[in-house]
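Peer 1: One-letter residues, chain by chain:
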Amino acid sequence: MWTRLKSLMLKDVIQFARDKTILGVVFWLYTMEVLICGYAMTFEVKDLPIAVIDHDQTVISRNLIDKFTLSEAFEVSGYPKNQEQAESWMRSGKVKYVMVIPNNFEQDLRRGESPGLQVLLDGTNSNAASLAKDYTAAIVRNFEMEFIDNPVALGSAVRPVVQIWYNRAQTLESFVVLSMIVAAIMMVGTIHSAASITREKEVGTVDQLMVTPTRVWEIFLAKTIPTLAVGILAFFPSLFIIWWFGVPIKGSMLLFLFLMAIFLVSAIAIGVLIASITKTLQQTLLLCFFGLFPILFLSGTMTPTESMPSFLQPITYLSPVKYFMDICMGVFLKGVGMAELWPAALNMAIIGAVLYIIAAWRFKHNLSS
Amino acid sequence: MKLHRLYAVMRKETREIIRDRVTLSTAFLFPIVMLFMFGYAISLEVEDVSFGVLDQDQTPSSANLIDEFTESAYFKLVRSYDSEVQIHKSMEVNEVKLVLVIPPGFNALTGRKENPEVQLLIDGTYSATALVALNYGMTIVSKFKQEQDNSLIDVQTRIWYNPSLRSIIYVVSGLYAVIIAAFPPLLTTLAIVREKESGSIQQIYASPLTVPEFLLGKLLPYGFISSLQLVSIVALGYYWFGVPFNGSLGYLLIAGGIYVFCNVGIGLLISTITNSQLLAVLLALVVTMMPSILFSGFVFPIYAMAEPVQAYTHLFPGRFFVDVSRGIILKGAGPAEMIRPLSFMLAYTLAVFFAAVVIFKKKVA
Numbered sequence: 001m002w003t004r005l006k007s008l009m010l011k012d013v014i015q016f017a018r019d020k021t022i023l024g025v026v027f028w029l030y031t032m033e034v035l036i037c038g039y040a041m042t043f044e045v046k047d048l049p050i051a052v053i054d055h056d057q058t059v060i061s062r063n064l065i066d067k068f069t070l071s072e073a074f075e076v077s078g079y080p081k082n083q084e085q086a087e088s089w090m091r092s093g094k095v096k097y098v099m100v101i102p103n104n105f106e107q108d109l110r111r112g113e114s115p116g117l118q119v120l121l122d123g124t125n126s127n128a129a130s131l132a133k134d135y136t137a138a139i140v141r142n143f144e145m146e147f148i149d150n151p152v153a154l155g156s157a158v159r160p161v162v163q164i165w166y167n168r169a170q171t172l173e174s175f176v177v178l179s180m181i182v183a184a185i186m187m188v189g190t191i192h193s194a195a196s197i198t199r200e201k202e203v204g205t206v207d208q209l210m211v212t213p214t215r216v217w218e219i220f221l222a223k224t225i226p227t228l229a230v231g232i233l234a235f236f237p238s239l240f241i242i243w244w245f246g247v248p249i250k251g252s253m254l255l256f257l258f259l260m261a262i263f264l265v266s267a268i269a270i271g272v273l274i275a276s277i278t279k280t281l282q283q284t285l286l287l288c289f290f291g292l293f294p295i296l297f298l299s300g301t302m303t304p305t306e307s308m309p310s311f312l313q314p315i316t317y318l319s320p321v322k323y324f325m326d327i328c329m330g331v332f333l334k335g336v337g338m339a340e341l342w343p344a345a346l347n348m349a350i351i352g353a354v355l356y357i358i359a360a361w362r363f364k365h366n367l368s369s
Numbered sequence: 001m002k003l004h005r006l007y008a009v010m011r012k013e014t015r016e017i018i019r020d021r022v023t024l025s026t027a028f029l030f031p032i033v034m035l036f037m038f039g040y041a042i043s044l045e046v047e048d049v050s051f052g053v054l055d056q057d058q059t060p061s062s063a064n065l066i067d068e069f070t071e072s073a074y075f076k077l078v079r080s081y082d083s084e085v086q087i088h089k090s091m092e093v094n095e096v097k098l099v100l101v102i103p104p105g106f107n108a109l110t111g112r113k114e115n116p117e118v119q120l121l122i123d124g125t126y127s128a129t130a131l132v133a134l135n136y137g138m139t140i141v142s143k144f145k146q147e148q149d150n151s152l153i154d155v156q157t158r159i160w161y162n163p164s165l166r167s168i169i170y171v172v173s174g175l176y177a178v179i180i181a182a183f184p185p186l187l188t189t190l191a192i193v194r195e196k197e198s199g200s201i202q203q204i205y206a207s208p209l210t211v212p213e214f215l216l217g218k219l220l221p222y223g224f225i226s227s228l229q230l231v232s233i234v235a236l237g238y239y240w241f242g243v244p245f246n247g248s249l250g251y252l253l254i255a256g257g258i259y260v261f262c263n264v265g266i267g268l269l270i271s272t273i274t275n276s277q278l279l280a281v282l283l284a285l286v287v288t289m290m291p292s293i294l295f296s297g298f299v300f301p302i303y304a305m306a307e308p309v310q311a312y313t314h315l316f317p318g319r320f321f322v323d324v325s326r327g328i329i330l331k332g333a334g335p336a337e338m339i340r341p342l343s344f345m346l347a348y349t350l351a352v353f354f355a356a357v358v359i360f361k362k363k364v365a
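Sequences listed follow chains A and B, in order.
Under our numbering, residues 1 to 369 are what the first sequence spells out, in order.
Under our numbering, residues 1 to 365 are what the second sequence spells out, in order.
Just chain A, with the same shape it has in the complex (with noise of 0.2 Å):
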C-alpha cells in the first residue's frame, strides 16, 4: 500500500515539475502579484491633487498656500483662472480638490473678522474626501497657531493623545503584501490541486488509475499530500518579498507554517470540488479564478469583513480565508502565539477537515461514475 502511494505521489510531483503553465502560475502568484500589489495597492491621502484660488494674494495667503504644499497629503497642482476652469478641472478628474481664498483675506484675519475658507471636495472617494476634509483642518489649525503666535488664545479643549498600534508607519503595504500572500496560497492549493485531477480527467489516464489495483482514496491523498508540500515550498520564495517591503516578523515561523498547513487542506479540499464539476483544465482555471476572487474578497484580503454590510458578516464567518488573515496579521504584525489564536485555529481546522471529508468524498463518487 505505502508503495502504491510512495510512487502514485512521486508520479504526480514529477508531472507538476514538467507542467510549465502551472509552475508559472505558482511562481508568479507567490512572488510578482504580491510584489506588483504592494506597489500598487495603497489607500493613502498622498499628492492629493489639489486646485488653488487665491483672491487674496497676498504674503499671508502665500504662506497658507505653502503649508498646504509642504504636507505630503496635498500636491498643488494647478492655479485655475476662474470658478468655472476650477470647476471643469474637477469634473475632469484632473484636481480632487479646489481652494478658495477669498478677497481681503488677510485683512479680515488682522481685524479678527474670521474670513471664509472655500473648500471643494470631491467625494467619489469617501474615505480620501473624509481625510482630506481632516487634514485640512489640521493644517488650517497650524497656521492660526504661527499666525497669532499665542496657542493660548484660541482657548482650551480636550487633546486626544494618539498611539498607533501595529503600524506605525500608517502605510498599507504590510497588510497588502501579507494578505496577497495568503491569496496567493489560497490559489495555488486550490488551482494545483484541481488541475492535477482535471488534467488527468482531460487526458484520460483517470482510467488506466482506475484498473489498476489503487484505491481510490490512495489516488486522493495522492493527489492532495503533494500540493499541501508543494504550497508549503512555495511560500518560501515570498520570504524575499516579505524582507524587501520590510513587513516585521513578530511572532514565530514555525507557528505560522504549520498554521498554514491547516489552511491548505481547505484550499486544496475547495480545489478538489471544483475538479469534480469540471471537464477541461480551461474550465478549471476559470472557475478557479472566478470562484476564488469572490471568496478572497468577502474574506478581508481585500478590505476587512469588519467594513462590509451587515448581511454579508455571517457568511464570512464559514470562510477559512478569513481565520487565516487574521492568524497572517497576528503572527507577523502583533507577535501573538497559539495562546491568543486558537480560536481563529480551530474554526479554520474544523472548516477544513468537513471542506476535505466533502471533497474525498465526492473525488470517490466522481471516479466510479
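Take these hints with a grain of salt, some might be off.
Residues of chain B clear of chain A, computed beta-carbon distances all greater than 10 Å [to be verified]: (1) Leu77; (2) Val132; (3) Ser200; (4) Leu209; (5) Leu236; (6) Gly332.
Chain B stretches covered by chain A per the calculated footprint, using a threshold of three residues with CB under 8 Å from any CB of chain A [to be verified]: (7) 37 to 44; (8) 278 to 291; (9) 343 to 353.
Simulated crosslink set (DSS-like; lysine-lysine; CA at most 27 Å straight-line) [to be verified]: (10) A:Lys250 / A:Lys6; (11) A:Lys67 / B:Lys143; (12) B:Lys143 / B:Lys12; (13) A:Lys11 / A:Lys46; (14) A:Lys94 / A:Lys67; (15) A:Lys133 / A:Lys81; (16) B:Lys2 / A:Lys133; (17) A:Lys250 / B:Lys89; (18) B:Lys143 / A:Lys279; (19) B:Lys143 / A:Lys201; (20) A:Lys20 / B:Lys89; (21) A:Lys133 / B:Lys143.
Simulated from the structure, these hints should not be mistaken for laboratory data.
Positions of the beta carbon are idealized from the N, C-alpha and C atoms, including for glycine.
Let chain A serve as the given structure and place chain B on it in line with the hints.
Peer 2: Structure of chain B alone, referenced to chain A:
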C-alpha cells in the same frame, strides 16, 4: 475589404454565440454576479467600529465623553476595561479596533482652563479605515467641552459628487471599468483560439477572406455583446446600488463603446499570439483583469502611487475609462473635459486592432 464577406463572418459568429447557450448565459450572468460580489465585498465604510474604554476617572464628565462616542454612528462600545493590561490582549484578539483611555483627574481638569488629555489607541493594521476612524475619534474628543468656536478661519467645506461619502458609490462606479476589462477580452480570445485549436482556422486561411475582414467580423459581434454587458451593469448600478447618474447617457454610450472595443481588441491581440486556450485565458487575466483592478484607480488612487508606477498605469486603458465613467456618471462632465482620455482610448483601440491585423497576417502567409 468587402462588406458582404465581413457580413458573412459576423453572421457565422453571431450564430455560433447564440447556439452556445452556456457561454451566452455566462457572458451575461458573470458581470452581474461580479458587480454584486465586489460591490458589496469591497467596502471602506467606517461605521460601528468596535471600541473599548478604560475609564480611570469615573466621573459624570468622563461618562459624557464615552456617551459622545457611543452615540455617534461610527463607534460601537464592546468592552470596558479595569486595567491597562487587558487592553493589549483585547487588541491582539481583534476584539476592539480603538481604545479610549480617560486618565484620572479628567473631570477636575475639564472644568478649568487647561488642556486635559485623553488617549486614543488604534489598531493600525488596516490603515485605510483605521485612519478615518481615528480622525472621527479625534474630532469627537476635540469638540468635547469646547466652549465656543474659537478658530480664526472659517473653513467652509462642500463635498461634491458623493456628499454622503458612501464608499459603495465609489466602488461600484469604478467596477464598470474592471468588469469590462475582465470578460470581453476573455470571450473574444477564446473565440479565435478555439478555432485555432480545432483547426477550423485553416478553412478561414484557405478562403478569400482578408485579415481585417476576419478580425472585424469577430470584433463587432463580441463588441456588441460586451456593450450590452456594460449597459446591464450600469443600469444595475443605478437602480440597485443607487449610484447617481448626473451626466448624459449619450456620452456614456460613446465612451463606453470605445472602451468596450478597446478591450475586445486586446482580446483579439492576445489570440493572435497564443495557440492554446489555457495560455490565452492566463494571458487575458494577467494583461487585462489584474491591471484593471490594480492600476486603473478604481479603488486605489493613482495619485498616491510612486512616480514610476503612475507612469506604468498609462499602459492600460482602464485608468482612462475610470476617469471618463466617473466623470460622466457622477460629475456630469461633458465632451470638453473628457476629450483627452477619450482620444487616448480611441488611439489605443486603433493601435491594438492594427497590431492584431499585422501579427495575424504574418501567420497566414
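Peer 1: Each of the hints needs a verdict: does it hold here or not?
Peer 2: Against the structure, the hints:
1. Leu77: The claim stands: leucine 77 of chain B keeps its Cβ more than 10 Å from every Cβ of chain A (closest is about 15 Å).
2. Val132: At roughly 5 Å from the nearest Cβ of chain A, valine 132 of chain B sits no farther out than 10 Å, so the non-interface label is violated.
3. Ser200: Per Cβ check, serine 200 of chain B is outside 10 Å of chain A; nearest 17 Å; holds.
4. Leu209: holds (27 Å)
5. Leu236: Holds, since 16 Å exceeds 10 Å.
6. Gly332: violated (7 Å)
7. 37 to 44: Holds, because 7 residues of the region 37 to 44 of chain B bring their Cβ atoms closer than 8 Å to Cβ atoms of chain A.
8. 278 to 291: holds (count 7)
9. 343 to 353: violated (count 0)
10. A:Lys250 / A:Lys6: violated (38 Å)
11. A:Lys67 / B:Lys143: Measuring from Cα to Cα gives roughly 24 Å; hence the hint holds.
12. B:Lys143 / B:Lys12: violated (69 Å)
13. A:Lys11 / A:Lys46: violated (52 Å)
14. A:Lys94 / A:Lys67: holds (21 Å)
15. A:Lys133 / A:Lys81: Since the Cα atoms of lysine 133 of chain A and lysine 81 of chain A sit roughly 24 Å apart, the hinted pair holds (cutoff 27 Å).
16. B:Lys2 / A:Lys133: violated (59 Å)
17. A:Lys250 / B:Lys89: holds (16 Å)
18. B:Lys143 / A:Lys279: Outside the cut-off at roughly 63 Å; violated.
19. B:Lys143 / A:Lys201: violated (67 Å)
20. A:Lys20 / B:Lys89: violated (46 Å)
21. A:Lys133 / B:Lys143: holds (16 Å)
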